[in-house]
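Given next are the chains, with one letter for each unit.
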Amino acid sequence: MKHTLSILVNNHPGVMSHVSGLFTRRGYNIDSIAVGVTDNADVSSMTIVLNGDDFIVGQVKNQLLKLPDVLKVQDMAYASSVQRELVLVSFSITESNRSEALTICNGFDVKILEMTEDSLLIEFSGNSRQVSNVISVIKPFGIREISRTGQIAIAYRNQNSV
Amino acid sequence: MSSTTEAITGGRLMVELLEEAGVEIVFGYPGGAILPFYDELYHSKKIKHILVRHEQGAVHMAEGYARSTGKLGVCIATSGPGATNLITGLTDAKLDSIPILAITGQVSTDAIGTDAFQEADIFGITIPITKYNALIKKADDLSRHFEEAIKIAMGGRPGPVLLDFPKDVQLEKTTVRKASALKIAPHHYERPKVKGDAQAFAEVLNGAKRPLLYVGGGAINSFASAEIKALAEKANAPVTTTLMGLGAFPGTHPLSVGMLGMHGTAYANKAVLECDYILNLGARFDDRVAKYQDFAPNAIRAHVDIDAAEFNKRINVDHILHGDLKDAIREILPFVKGGDRTSWIENIQSLKKNHPLDFDNSGDSIKPQDFLQRVYTKTKGEAIVSTDVGQHQMWAAQYYLFDKPNTWLTSGGLGTMGYGLPAAIGAKFGNPDKMVICVTGDGSFQMCIQELATIAQSKLGVKILLFNNNFLGMVRQWQELFYEERFSESQWTYNPNFVKLADAYGIPAMRIEHKSEIDKGVDFFLKDNGSALIEVMIPAEEKVFPMIPAGKSQQDLIEFKDLGKLKK
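Those protein sequences? They're chains S and D, same order as listed. In terms of the working numbering, the first sequence has 105 at position 104, counting the first letter as 1, and numbering is strictly consecutive. In terms of the working numbering, the second sequence has 38 at position 37, counting the first letter as 1, and numbering is strictly consecutive.
Since the hints were made in silico from the structure, they are not lab data. There may be inaccurate statements among the hints.
[Claimed, not checked] Across the chosen pairs, the derived CB separations fall in these ranges: (1) S18/S with D524/D: 49 to 57 Å; (2) E234/D with R158/S: 29 to 37 Å; (3) D295/D with G15/S: 38 to 46 Å; (4) T176/D with T39/S: 49 to 57 Å; (5) K139/D with T25/S: 28 to 36 Å; (6) L87/S with K196/D: 34 to 42 Å; (7) N30/S with P298/D: 56 to 64 Å; (8) L36/D with I136/S: 52 to 60 Å; (9) R315/D with T39/S: 52 to 60 Å; (10) T176/D with S18/S: 27 to 35 Å; (11) S81/S with T110/D: 26 to 34 Å.
This one's a predicted model, so the numbers in the text were calculated from it and none came from an experiment. Cβ coordinates follow ideal geometry from the N, Cα and C atoms, glycine included.
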């Protein structure tokens, strides 16, 4: 099962190594990792997506909390948090399928960043499932380059929201 | 706010911060990148520096010192090869939860990352083997890092920390002498409050008919011996300890069933099978003790630990109390009731009688078990004993009984050959009035043998008991029992003359080979407070029993008397 951990860490060199090293040496796999500074310049927020049962995720949480640079670990339940990922994709188009491509982009609420004679560069954000959907629909056109940020997440303040 | 005074160099500040932390002794080896610090250390009147012969010796000495005194152990090395020589000892301290501060020199900040002379990314290298580490880039940050590192090393579950100091940072001037704010969360250094319902916890123990206390190294780190004794006596519960927990409960106490696990006593391991309640006090269900999810199968399992990550890590437990062991036991004690456990205690007594530690002492050769028993009697069990790793380690654990904590120094988690001699040296520096004996084997001894010079230089009264079978004994034992006697590379076809070698270092030494020489040997070895080495020639075939084969459970224990069956 996929879990999303939101982790607050001290923002200084080596912290990323400490966190990712912990996963490596205990044999846990990271699906995605995204890091950015928070409103406090001394603190960064990391979102790590990993696959594992409750036992593994519990172990990861416990071990993370032992790292002195880790300030807080939160296991984000899907229903009570917003989860987003940004993707940039450049793909091939031809004269004959250009309008089909544009229709798809419109339908998915995709932002077009660049259009040339034979390519489109698009931006899309959504949850990881939506991002994967967009990619699979675009794939037949011929993807040239793709860049995903990895998932970030934040909990709803009102836990009744969905 | 930072308290500011006159500017001093980073190196000077490092020395002053060590002094302020109460550090009295450091073990180290100088080199280019740490010279500014050493130059300041030259002037210190409070800190004694012990010059070792290899940095691995320095870190193990710091471990022996920390383990035997309960204080912080400090070791120092230069950059690159000096720092990497600390790796084994830091890993050892991590696995055995020993508070160590390692200080390393680093190439200047402008040279970092250029593959400069004697540069190694010791910060990166030691991430997985330290509790905390840092590369200090400004002298102004020095005091904060020192305070954090020492608090982390000593706080909670103790462990090793490493601070890496570029040479220019040691020369840079600073006025910041005190940390204005710590960047680490308080739970890393504040003593945690005990979490859990102490009364409910105690009542499960009260309801048990056949309780067993299982005491680990955490008992020593939290100085909880008196509380454990009170708990065992009040609950009338037998006590077994892990290898790391030896001494946390008196080995001579009527309720003691000795060590459990791979080479623990048969009665301890059988008690684990028979108990209906097992209370883990500061142990971690290590794989040499507890088979995965197959441990104490008939018992309710309970666990007290300061490290929440240990709960349900290898073995699922039914009841948890999170906190410092000493505090936790104090909280549950008032709720603990005696109860009639006569039949359980009698059962344990008969297990002890029917399954004693055993060996064949016929013939003319010297049996290590016999020799250790005599050393135990002669020293009245009052020596601090360090060991290396192998058969001699297990014999010492079995036949030298420990009544007091901090008197048994062994590499439990990592199993580090080469630990024993430097650990004994560190312990002797910390306990000059106590007898310190290093029990070692011909294999282990040669891994840090150069530290004999450190003994000689300081005229240190460390005793070395060297069991020589011209083999890697434990390897040989496994090869004999599980690899059809194919002794692949376990025999020493060359060993030095250890007596002459000790003589070269000015250490009195003697070799004995026959049973008739034992008394003479023991007397020679223990006659005064000076250093001595006794080389005891033992049969290569001698084995450590009982034994639970690796990966098996308590059910599969092999006793000495089963040896015949096993070899068919």
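Hint by hint, here is what the structure shows:
1. S18/S with D524/D: 49 to 57 Å: holds (56 Å)
2. E234/D with R158/S: 29 to 37 Å: Given about 54 Å between the Cβ atoms, the range is violated.
3. D295/D with G15/S: 38 to 46 Å: holds (39 Å)
4. T176/D with T39/S: 49 to 57 Å: violated (31 Å)
5. K139/D with T25/S: 28 to 36 Å: holds (30 Å)
6. L87/S with K196/D: 34 to 42 Å: The hinted range 34 to 42 Å holds for L87/S and K196/D, with Cβ atoms some 40 Å apart.
7. N30/S with P298/D: 56 to 64 Å: Because 33 Å falls outside the window, the suggested range is violated.
8. L36/D with I136/S: 52 to 60 Å: Check passed, 57 Å falls within 52 to 60 Å.
9. R315/D with T39/S: 52 to 60 Å: violated (36 Å)
10. T176/D with S18/S: 27 to 35 Å: Holds: the Cβ-Cβ distance is about 31 Å, inside 27 to 35 Å.
11. S81/S with T110/D: 26 to 34 Å: At roughly 45 Å between Cβ atoms, T110/D and S81/S fall outside 26 to 34 Å, so the hint is violated.
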